[in-house]
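*Asks:* Produce the entire structure from the sequences given, and follow the hints as far as they go.
There are 2 protein chains.
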Amino acid sequence: MRNKIPDVVIRRLVTYLRILTDIEAGPDDYISSAQIGDLAAVNSAQVRKDLALFGEFGKQGVGYPILGLRKELTAILGADREMNIVIFGVGELGTALARYLTTRKETAPNYRFVVKGLFDIDPAKVGTEIEGVPVRHLNELEEVTASGDIKIGVVAVPANVAQEVVNYAISKGIRGFLNFAPVRIKVPPGVRIQNSDVTSDLQELGFYL
Amino acid sequence: MRNKIPDVVIRRLVTYLRILTDIEAGPDDYISSAQIGDLAAVNSAQVRKDLALFGEFGKQGVGYPILGLRKELTAILGADREMNIVIFGVGELGTALARYLTTRKETAPNYRFVVKGLFDIDPAKVGTEIEGVPVRHLNELEEVTASGDIKIGVVAVPANVAQEVVNYAISKGIRGFLNFAPVRIKVPPGVRIQNSDVTSDLQELGFYL
Chain A
109 MRNKIPDVVI
119 RRLVTYLRIL
129 TDIEAGPDDY
139 ISSAQIGDLA
149 AVNSAQVRKD
159 LALFGEFGKQ
169 GVGYPILGLR
179 KELTAILGAD
189 REMNIVIFGV
199 GELGTALARY
209 LTTRKETAPN
219 YRFVVKGLFD
229 IDPAKVGTEI
239 EGVPVRHLNE
249 LEEVTASGDI
259 KIGVVAVPAN
269 VAQEVVNYAI
279 SKGIRGFLNF
289 APVRIKVPPG
299 VRIQNSDVTS
309 DLQELGFYL
Chain B
109 MRNKIPDVVI
119 RRLVTYLRIL
129 TDIEAGPDDY
139 ISSAQIGDLA
149 AVNSAQVRKD
159 LALFGEFGKQ
169 GVGYPILGLR
179 KELTAILGAD
189 REMNIVIFGV
199 GELGTALARY
209 LTTRKETAPN
219 YRFVVKGLFD
229 IDPAKVGTEI
239 EGVPVRHLNE
249 LEEVTASGDI
259 KIGVVAVPAN
269 VAQEVVNYAI
279 SKGIRGFLNF
289 APVRIKVPPG
299 VRIQNSDVTS
309 DLQELGFYL
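Residue numbers (the numbering used here), protein chains in the order written: chain A, 109 to 317; chain B, 109 to 317.
Don't read these hints as lab results, they were simulated from the structure.
Values in this document were obtained by computation on a predicted structure and should not be read as measured data.
Mixed in with the good hints there might be a few duds.
Identical copies look the same in the list; a pair holds intra-copy or inter-copy alike.
Said to hold, decoys possible - Think about it this way: if two alpha-carbon atoms lie no more than 30 Å apart in a straight line, the pair counts; the simulated DSSO-like pairs of lysine-lysine are:
#, residue 1, residue 2
1, K179, K112
2, K167, K294
3, K280, K157
*Replies:* Printed below as a string of structure tokens:
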């Protein structure tokens, strides 16, 4: 079933869940598809259609019970499973991401991403710590992935080595990547990669301003 | 002319420039469209087509002079103009972004984004500093935008207030936004917004893993 759902729908469900999680709600609080759509910039019919894919949560004229829908979406997205990640590259962005992703748990009760390892090849960085997580040399990756439960590798290395690092991580069993390097990386079938690049976003925006 | 170029082309040009900037090169170093395409995950014909839009930089059989093409793309993208940005919200991500964007200059010689202001409404944060940039109350935004040279607002506030903050920033003259809040924000014509959300990227990835 998972692979039958279009990526765009999953992306919207993730947005709906983030919206519902940001709302303070009690057991008797409801939200309408129009309200969700408004926050997600999606029309209400689309919201109802997306949620109907997984059964009827809504109540005619009342809307969706916020806590109930939150619970359903969490289950649908598997957002209740803890997910172990590692970060490749602890330069400025890698360090910022490490700090963000490791400290987020303190303020987000349902936050489930656990930074299990930080990797770099710079001798000046290897052996240091970020938020209590030691920075290891990349060639020690297998010691962390051996457990088999590292789901995502966050790629924050320079563009010219990103493909190489991802290839190496794949060889150690990592199947999902969030890439912050300003380069598109090729991965074999069965491996997923998503791209994100703050500076390129700013560059692109800047072109129009 | 700027608005006639498709966004996808601009995005690729930004990627090409980042790739060329990451390469150590001397005056006699050339790069082929195939090499650029390989790093950008674009086919070489597309690379030649994109670059031809702005005149012929390439030399038949030799490729493009790296320094020359870097210079041309920098000019085309206006990537040599300093660009002032402000950051809204100095929670975990806002703080990480502030640290990243303010310290980046030290290591990236051509880096041109200048963090002119950090804004929050939390009394516990207002008055503090991040990398020497003071955190001000949002209602002091006008004192920073009055100069008229703030190009981009980076939105790192909670989803439920993001639209409100962007509306306020637009009223103070900001015309470009990079949004990290997990909500799509509506902006009037003439205002550009791009979205980025690390946690949603991880959530979405996690669904498939």
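*Asks:* Against each hint, give a clear statement of whether it holds in the structure.
*Replies:* For each hint, the structure was consulted:
1. K179 to K112: within (22 Å within a copy, 46 Å between copies)
2. K167 to K294: Result: close only across copies, 28 Å inter versus 45 Å intra.
3. K280 to K157: Close neither inside one copy (40 Å) nor across copies (38 Å); limit 30 Å.
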